[in-house]
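A.B. asks: Listed below, chain by chain, are the residues.
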Amino acid sequence: MSFFNLVAQGVLLGGYYALLACGLSLMFGVMRIINLAHGDLAILAAFLVFSISDAFGLSPFLSLVGVLPIMAAVGWALQRGVLERSLRSGMLVPLLATFGLSIALENLLFEAYGADTRSLGGMIGDLAFDSYEVTSQFSVSYLAALIFALSVALLGGLSIFLKTTSLGRAIRATAEDPDTAELVGIDARAVYAVAAAIAVATVALAGVMLGMRATFDPYSGPMQLIFAFEAVVIGGIGSLWGTLTGGIMLGLAQSIGAAINPKWFLLAGHLTFLAVLGIRLFRDWARARGGLRSALGLGG
Amino acid sequence: MNNGLGFTVERWTRESAAFGIAVALVVLALAAAPLFAGADAVDKLTTLFIYVILAAMWNALAGYAGLVSVGQQAFFGIGAYFAIRLAVAGFPAYPSLLAGAVGAALLSIPVSFFMLRLRGGEFSIGMWVLAEALHLLVNLDPLIQGETGTSMIAMNAFAPAQRLAANYWLSLGAMLALLGAIFVLLRGPFGASVQAIRDDEEAAASIGVKVIAAKQTVFILAAFGCALAGVLWLATSITFQPKTNFGVQWTAYMILMALVGGLGTFEGPILGALFFFFVQNEFGENGVWYMAGLGVVAILFALFLPRGLWGEIEARTGLRLLPVGYRLRLTERTRARPVM
Amino acid sequence: MSLLSVDRLDVRHGLLQAVREVSFALEEGEVLALVGANGAGKSTLLRAIAGAHQPSAGSIAFDGADVTSMRAHKRVARGIALVPEGRRLFGDMSVEENLRVAMRVDRRGHWTLDRVMELFPMLIERRNSLAGNLSGGERQAAAIGRALLTNPRLLLLDEVSLGLAPVVVEQLYKSMTSLLEGGATLILVEQELNRALSVATRVLCMLEGKIVLDGPAKAMSRELIVDAYFGLRRAAVQGLR
Numbered sequence: 001m002s003f004f005n006l007v008a009q010g011v012l013l014g015g016y017y018a019l020l021a022c023g024l025s026l027m028f029g030v031m032r033i034i035n036l037a038h039g040d041l042a043i044l045a046a047f048l049v050f051s052i053s054d055a056f057g058l059s060p061f062l063s064l065v066g067v068l069p070i071m072a073a074v075g076w077a078l079q080r081g082v083l084e085r086s087l088r089s090g091m092l093v094p095l096l097a098t099f100g101l102s103i104a105l106e107n108l109l110f111e112a113y114g115a116d117t118r119s120l121g122g123m124i125g126d127l128a129f130d131s132y133e134v135t136s137q138f139s140v141s142y143l144a145a146l147i148f149a150l151s152v153a154l155l156g157g158l159s160i161f162l163k164t165t166s167l168g169r170a171i172r173a174t175a176e177d178p179d180t181a182e183l184v185g186i187d188a189r190a191v192y193a194v195a196a197a198i199a200v201a202t203v204a205l206a207g208v209m210l211g212m213r214a215t216f217d218p219y220s221g222p223m224q225l226i227f228a229f230e231a232v233v234i235g236g237i238g239s240l241w242g243t244l245t246g247g248i249m250l251g252l253a254q255s256i257g258a259a260i261n262p263k264w265f266l267l268a269g270h271l272t273f274l275a276v277l278g279i280r281l282f283r284d285w286a287r288a289r290g291g292l293r294s295a296l297g298l299g300g
Numbered sequence: 001m002n003n004g005l006g007f008t009v010e011r012w013t014r015e016s017a018a019f020g021i022a023v024a025l026v027v028l029a030l031a032a033a034p035l036f037a038g039a040d041a042v043d044k045l046t047t048l049f050i051y052v053i054l055a056a057m058w059n060a061l062a063g064y065a066g067l068v069s070v071g072q073q074a075f076f077g078i079g080a081y082f083a084i085r086l087a088v089a090g091f092p093a094y095p096s097l098l099a100g101a102v103g104a105a106l107l108s109i110p111v112s113f114f115m116l117r118l119r120g121g122e123f124s125i126g127m128w129v130l131a132e133a134l135h136l137l138v139n140l141d142p143l144i145q146g147e148t149g150t151s152m153i154a155m156n157a158f159a160p161a162q163r164l165a166a167n168y169w170l171s172l173g174a175m176l177a178l179l180g181a182i183f184v185l186l187r188g189p190f191g192a193s194v195q196a197i198r199d200d201e202e203a204a205a206s207i208g209v210k211v212i213a214a215k216q217t218v219f220i221l222a223a224f225g226c227a228l229a230g231v232l233w234l235a236t237s238i239t240f241q242p243k244t245n246f247g248v249q250w251t252a253y254m255i256l257m258a259l260v261g262g263l264g265t266f267e268g269p270i271l272g273a274l275f276f277f278f279v280q281n282e283f284g285e286n287g288v289w290y291m292a293g294l295g296v297v298a299i300l301f302a303l304f305l306p307r308g309l310w311g312e313i314e315a316r317t318g319l320r321l322l323p324v325g326y327r328l329r330l331t332e333r334t335r336a337r338p339v340m
Numbered sequence: 001m002s003l004l005s006v007d008r009l010d011v012r013h014g015l016l017q018a019v020r021e022v023s024f025a026l027e028e029g030e031v032l033a034l035v036g037a038n039g040a041g042k043s044t045l046l047r048a049i050a051g052a053h054q055p056s057a058g059s060i061a062f063d064g065a066d067v068t069s070m071r072a073h074k075r076v077a078r079g080i081a082l083v084p085e086g087r088r089l090f091g092d093m094s095v096e097e098n099l100r101v102a103m104r105v106d107r108r109g110h111w112t113l114d115r116v117m118e119l120f121p122m123l124i125e126r127r128n129s130l131a132g133n134l135s136g137g138e139r140q141a142a143a144i145g146r147a148l149l150t151n152p153r154l155l156l157l158d159e160v161s162l163g164l165a166p167v168v169v170e171q172l173y174k175s176m177t178s179l180l181e182g183g184a185t186l187i188l189v190e191q192e193l194n195r196a197l198s199v200a201t202r203v204l205c206m207l208e209g210k211i212v213l214d215g216p217a218k219a220m221s222r223e224l225i226v227d228a229y230f231g232l233r234r235a236a237v238q239g240l241r
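Residue numbers (the working numbering), protein chains in the order written: chain A, 1 to 300; chain B, 1 to 340; chain C, 1 to 241.
It should be emphasised that the hints constitute simulated quantities derived from the structure, not laboratory data.
A portion of the hints provided could be inaccurate.
Below, a list of computed lysine to aspartate or glutamate pairs in the EDC-like style, where the Cα atoms sit at most 16 Å apart [to be verified]:
id, chain 1, residue 1, chain 2, residue 2
1, C, Lys74, A, Glu176
2, A, Lys163, C, Glu97
3, C, Lys210, C, Asp7
4, A, Lys163, C, Asp92
5, A, Lys263, B, Asp141
6, B, Lys243, B, Glu147
7, C, Lys74, C, Asp63
8, A, Lys163, C, Glu96
9, B, Lys243, B, Glu312
10, A, Lys163, A, Glu176
Computed, partial: chain B to chain A, Cβ under 8 Å [claimed, not checked]:
id, residue
11, Phe36
12, Asp40
13, Ala41
14, Arg85
15, Val88
16, Gly90
17, Ser124
18, Leu130
19, Ile255
20, Met291
21, Ala298
Per the computed footprint, the stretches of chain B lying under chain A, defined by three or more beta-carbons under 8 Å from a beta-carbon of chain A, are [as the list claims (entries may be wrong)]:
id, stretch
22, 113-121
23, 134-142
Glycine residues also receive a C-beta, built at the ideal position from the N, C-alpha and C atoms.
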């Protein structure tokens, strides 16, 4: 496989990871909640689109239009019904709640759909495998490019929303200091609910995209959660665009790893994650000692 | 012991003294169990002990040191892997198991230097990624052959009844030793330090608590404990399968047990393990519905019993069975200083 | 009917009782100076009135309605605004964004973004700076401005001069003269006694959570307040309650 192909694959895969991680980043950034059911919610959306498309013979893109608001409502309800209350008992209790949700979702999906892996690829016609040939050695999949574009559009749109709209400002203020936000008239609970709705809607979109470009089954959630988190952490917690960089780095690492040896696909990603953390720690350690030079005793 | 200050400080309450005696009796009964109980019961109790170890370890990490790890299966699995590697290399079975756990604990030392500098969510999922990485690395070992795994054939050198009893006593011993270690640690100044760190790390550091060292101690102890649980599990199941031994479900069970029992209490994890054990036994047959139900139970606890079973009992009755903390008993109303 | 009525309020921090059986009523237009030593309970009282801290007993009524269990953001909608101790600006947002956030509340009134900038001209050139980069005086101005933009009927100011140079405090109070002269209803926690007495119409002194002095500012002498502040000669002070 040519080098450019490899890089292109990795970057485009990164687009998917950024899309997947966006909602996790939002929930963690605003509410400090690690949603252990994040991946499972993506899979839920994929299954919903599958069912609707299957039942009514619609294109998954069309079903998606219906499923997104449903998932947004799910996110909203999850926050108001479960997480809001759990948060009051400390940061650990939402962990238990989202873990419970994760287990419950996976197994209920299994009950409903069985163990078979599914894919939405069969329902989108040629888009599933069509690609644009740049050179004889290097081609770009339309679907992957679409996902990347969606990801950039979403991150961009969210950024603009947070930066320029009144609600966006309210979200940022609440994320930074919910108590003071309440003191200036912001209903923190409502803000959290909106953030959760957006987060779950975006991960639903990611789940459907996963279904189109690959396969999924009821227990695919946790792996997606790990990918999402790796992307967020590699890119730097708290930054939306960082999530894109993180996703791309993860995608690249995995692609390069897989090119060396197919068994190394996942491992490459995990090792990159640990390496990035290590580099960051080293940099902080050096900084605390007055910069890299003095930390290493090089003088100057 | 009225010192005229209007309160006394006590560690042992009447209840805890009585409870202490009860515990001693129970331990004696448990120790004698293989002599009169059936094989099934012994096997089940062994599993229970392993659950208690896991719950207690996760509780020590999260409830006392404030370290939320979603990756303890790393040690659960790697300990078993070391053990099986040693056994295959020719070492005797049981020493291999112990060595495996010790090896995992040794591994946790360099890991702690790295991982403990991570904050909050980064640490949590970082541990999970570490577990996944170890899982995948172990898969590469030709002995393990990817997800196929292998068996600890050395265990077959023992007769099943012997093995059962040995595993039972080892598990009981390990559980008591680990619980004892936590008890001793918590009772002493270390316990106060660790809880101070959990509550406010900066403040603790400012009064001289050695934060990193304290966290490391708990981390390494928890790693050793989870690894012990892992090798004990290997001893009972004999097979080593990466997907099972490195599965994130172990952490999931730990979270469930610790939070259902009552995080940050000593009695909590024991209660949580009993709860999980009971539920597993009664409903485990129902496969998928059981798991879904478990998830719903977790959500319900998060919503309505966030302090866990023991936490609620403690809060409502003030009952403290084990003398881990200090109690302030007001003997008379403290009089206000007169205004001059 | 009083604008604010506090009745036998008890507020705790865990086991510690910070406010004990506090009762008082505030009329529209009054400027109340709340004085007392550190730990006397002044901040806690303000936070309880604003809704940032739930009382364990007693009640608070604002404009005739019982707001005791009302959440803080709803109280802002009704017209109570707190400038918290430590200012608590949103450090990652610009000054203008900090101000705009407060404008989400649907309350019409005198205060607009431009008017607040007029009141505190130092903020004009800093409007796009991150709030975290401001000096102490600028932060206090921004915090007060932020509260004003909710167009409150009752403004609670917690420790305006804390940590600020006298020159800066002078400037702030000068800016606030128009605010004060405009007939606003204020509760002001102020460490500098003289400053507090110069703007207040009424003085409330707290000691260990209780009110030990409550009366019109004109009737107060410095000696009287200082005695109450430190809990001295309570018998003589009782006569003024």
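A.B. asks: Does each hint hold? Answer for all of them.
C.D. replies: Evaluation of the provided hints:
In summary, the hint linking Lys74 of chain C to Glu176 of chain A is not supported, as the alpha carbons are separated by about 20 Å, beyond the 16 Å threshold. In summary, the hint linking Lys163 of chain A to Glu97 of chain C is supported, as the alpha carbons are separated by about 9 Å, within the 16 Å threshold. Between Lys210 of chain C and Asp7 of chain C the alpha-carbon distance is near 13 Å, which keeps this suggested pair within the 16 Å criterion. For the hint pairing Lys163 of chain A with Asp92 of chain C, the CA-to-CA distance comes to about 12 Å; that is within 16 Å, so the pair holds.
Taking the CA atoms of Lys263 of chain A and Asp141 of chain B, the gap is near 12 Å; set against the 16 Å cutoff, the hint holds. A C-alpha spacing of about 6 Å is found between Lys243 of chain B and Glu147 of chain B, which places the hinted pair at or below 16 Å, so the restraint holds. For the given pair, Lys74 of chain C sits about 13 Å from Asp63 of chain C by alpha-carbon distance, which is consistent with the 16 Å threshold. Restraint check for Lys163 of chain A and Glu96 of chain C: the C-alpha separation of about 12 Å stays at or below 16 Å, so the hint holds.
For the proposed pair Lys243 of chain B and Glu312 of chain B, the alpha carbon gap of about 36 Å is over 16 Å, so the pair is violated. Simply put, Lys163 of chain A and Glu176 of chain A have alpha-carbon atoms about 14 Å apart, close enough for the 16 Å limit, and the pair holds. A least Cβ separation of about 38 Å between Phe36 of chain B and chain A goes past the 8 Å threshold, and the interface hint is therefore violated. Nearest Cβ of chain A to the Cβ of Asp40 of chain B: about 27 Å, over the 8 Å cut. The hint is violated.
Hint on Ala41 of chain B is violated. Least Cβ distance to chain A is approximately 28 Å, over the 8 Å limit. Interface restraint check: Arg85 of chain B against chain A, minimum CB-CB distance 19 Å, threshold 8 Å, status violated. Taking 8 Å as the C-beta cut-off, the interface hint given for Val88 of chain B is violated, the closest approach to chain A being about 22 Å. Evaluation of the Gly90 of chain B hint against chain A yields a violated restraint, the C-beta minimum of about 29 Å exceeding 8 Å.
Hint status for Ser124 of chain B: holds, given a least beta-carbon distance of 6 Å to chain A, under 8 Å. Nearest Cβ of chain A to the Cβ of Leu130 of chain B: about 7 Å, under the 8 Å cut. The hint holds. Of the supplied interface hints, the one on Ile255 of chain B holds, with its beta-carbon coming within about 6 Å of a beta-carbon of chain A, less than 8 Å. Checking Met291 of chain B against chain A by beta carbon gives a least distance of about 4 Å; that is within 8 Å, so the hint holds.
Given hint, Ala298 of chain B at the interface with chain A, holds; its Cβ is 3 Å from that chain's nearest Cβ, closer than 8 Å. Counting residues of the stretch 113-121 of chain B whose beta carbon lies closer than 8 Å to any beta carbon of chain A gives 5, which meets the minimum of three for the stated coverage. Judged by the Cβ-Cβ criterion of 8 Å, the stretch 134-142 of chain B is covered by chain A as claimed, because 4 of its residues qualify and three suffice.
Violated hints, in rising order: 1, 9, 11, 12, 13, 14, 15, 16; the structure is consistent with all others.
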